[in-house]
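Engineer: Place chain B on chain A using the hints.
Chains as they are written, first to last, in my numbering: chain A, 1 to 428; chain B, 1 to 428.
Note that these hints are calculated values from the structure, not bench results. Check the hints yourself; a few may be wrong.
The list cannot tell twin chains apart, which means a pair is met if one copy fits it or any two copies do.
Only pairs whose alpha carbons sit at most 27 Å apart, straight line, appear in this in silico DSSO-like list of lysine-lysine [what the hints assert, rightly or not]: (1) Lys2 x Lys24; (2) Lys122 x Lys28; (3) Lys181 x Lys230; (4) Lys2 x Lys122.
Number of protein chains: 2
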Amino acid sequence: MKTVKVGILGLGVVGGGVIDIINKHREKMKTHAGVDLEVVRAADISTERFDQLGLTADQATTDAFEVVNDPNVDVVVELIGGTGIARDLVLAAIEAGKPVITANKALLATHGEEVFNLADDKGVDLRFEASVGGGIPVLEPLTHALTGNEITRVMGIVNGTTNYMLSRMTDAGLSFDDAVKEAQDLGYAEADPTADVDGFDAAAKIAILASLAFNSRVTLDDVATEGIRKLSAADIEYAEEIGYAVKLLAIANKLENGIDVRVHPTMIPVSHQLASVNGVYNAVYMTGDFVGDLMFFGEGAGAGAAASAVVGDLVEAARAYQSGNEVIGCTCTDSLPIRPLEDLETRYCVRLVIEDRSGVIHQLGEVFDKYDVSIKSLKQRGAYAEGQVEFIFVTHRTLEADMQAVLRDIEELTSVVEVASVLRVEEI
Amino acid sequence: MKTVKVGILGLGVVGGGVIDIINKHREKMKTHAGVDLEVVRAADISTERFDQLGLTADQATTDAFEVVNDPNVDVVVELIGGTGIARDLVLAAIEAGKPVITANKALLATHGEEVFNLADDKGVDLRFEASVGGGIPVLEPLTHALTGNEITRVMGIVNGTTNYMLSRMTDAGLSFDDAVKEAQDLGYAEADPTADVDGFDAAAKIAILASLAFNSRVTLDDVATEGIRKLSAADIEYAEEIGYAVKLLAIANKLENGIDVRVHPTMIPVSHQLASVNGVYNAVYMTGDFVGDLMFFGEGAGAGAAASAVVGDLVEAARAYQSGNEVIGCTCTDSLPIRPLEDLETRYCVRLVIEDRSGVIHQLGEVFDKYDVSIKSLKQRGAYAEGQVEFIFVTHRTLEADMQAVLRDIEELTSVVEVASVLRVEEI
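Isolated chain A (complex conformation) (with noise of 0.2 Å):
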């Protein structure tokens, strides 16, 4: 057994975390999976975390140019983040021909089409599955237990933040600002937390994971994304009244005409199983046509999870490595189109404030019936404010631009004070 040596870059918590398994599971992993992993060389931009992870001067260093320049280093693991001097380092070191494990999923669903053409270029192995749900092996099973489907839907909740927002928003009631202030406080919300609050975040992911399910080039542009900055409450209150739990749902689904992937708060029964996934814990749910649903489910997010992700990415990395293993690449060669949003058909949930009620459902039904809107209930919730109430209506199954075009003339009407929220409803 040839000893696989791995250059890290980036010694944050999970290249500490992958530092750990190696230490902790090297003898496990060279009886059991026939992969002996050597940790020869690491950089960081700050040395503060040499000392603490137990490297030697000689291993760690400030430039990780060197570590992946070094021709004593094997493969890479890619642990800065970002598109900056990641992009820089990845493409080097598959320039170098050596296989890279990232995490970076907002280089991989921005500028996937020039790292993966250069990977299937030099036929190199790139690797990322802690870029998608943390420690969850999603992307293996997608690219291979699964290769015998042809993956229709795959959706899931991706950001743990926001999914621990919502299910105290859910669970105690809590405003947004609230919800967002917890989450700082326990250090799962960053001190600017639009990355997760306003989708990007679960956009880069449903990316990557429609990228492989359907073999076709998605990127973080393709993605219609909103975020759940508007969410409150209330919105979340009704929806439980009528049998429904808020998430926010990174959505992908393979029509006939082409792609259609969003990020967006979404209503979904409480019967489904992703409804049931609270907490900072994160769930892929995909449909094949021989397997049917599967999900899978579990930490989205912490050192240990991220770690253990690629552990098992430099595992599989380093057999084929060992073997001369041919690399099938991302093979995303399908070229599919993008629908727009405005295709979209599903239904919809709106909570309109309203201030003077004489003659509001007249106009509303005017509304409606130019745009041949169809609803399936009406309701009218306590006062809101000072002389104000709540309408909420619940739409059949509508095409988004009539929807669109219904709440624009909805705002026009003198009576509504605001179009307070406005949610989609998936039947899954």
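Structural biologist: Just chain B now, with coordinates in the frame of chain A:
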């Protein structure tokens, strides 16, 4: 790309499904998995299926050994099942150096040592994803993506028939007998439902899961097995009242002094992810030291799901076969002891039928004290029959041996008509 020639033994619904998948997705698998699969030979005891599946006279045979011995067959798929001829065929295929894919849980859980040892000796790939959890990719992640973890627990709902029955007993209050009948009418249960309802099917599956998770041989005989025959809708109803769901759980824990492995009806908190796995669905829940908790959910039965798992294995075996990858094998080298059930420590929920109430609590108290069993709650519950009532008690954590002693003494009490049910309560 070399075409990998497949021979199939057994053309039931799963065998037919494998042929369907290869017919439908052969080109897709060439492009996206780098593998060209072709079914060149197939065997069944009846000739009926040959025409249905479009097999020519050259391809089809009633002699399965002809398929195994055909020099044109590269990989053998065994879907006959059982431990009779299937065992001879699998051993013959391995002896001939051909990778084997099987869904045969009975064979692996009883003759695993013989089969795995031969495969290891010959360096032959043996894959069996379809033997546990139908189409759910669980064995592959366990042995690949999760290699960087020490798995300390694996448990699951791995028998769809009994899970369907329990779901119906819960939702519709069906009796055990009515639930069996309904499952039989729907084709979920066999005419003789023993293997399902007495837990043997689940026991074979947890033996396989535990072997892979803990790298130690666990056989069917090692599994303490109890089915759901004694369960009534009343047990389920009471469990619900105190916040628990009743599931036939297959459980394996790696403890300091060995492996705890068992199958029995179990009360689990309704908030647990496994509690919402209903109907014929299966799910496997596991815990690793770095990855934390994971769950894999999906269709545990059905031709398409099982065929999907077989084809996933075929693709991996074919890739390894093409590239001459070294085979890792079962690596059940840790030889951990199996803990006797008597050493189990858990909580218990016991339902008693009582005839003469006077003094019975005092008598029960004496028994509990004698064996130092601590009671969390004791509740009397409506009339059971003329002059009879039910007592339900829940214990704190107790040694199984003490609990069994308590139950033996309780059965001797004159006022106790019957120990109607004993459920283990898992605080997972």
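Engineer: Indicate, hint by hint, whether the structure satisfies it.
Structural biologist: Quick rundown of the hints versus the structure:
1. Lys2 x Lys24: So Lys2 and Lys24 pass the 27 Å test inside one copy only (19 Å; across, 40 Å).
2. Lys122 x Lys28: between (32 Å within a copy, 23 Å between copies)
3. Lys181 x Lys230: within (16 Å within a copy, 50 Å between copies)
4. Lys2 x Lys122: both (23 Å within a copy, 22 Å between copies)
When the structure is compared with the earlier hints, no violation turns up for any of them.
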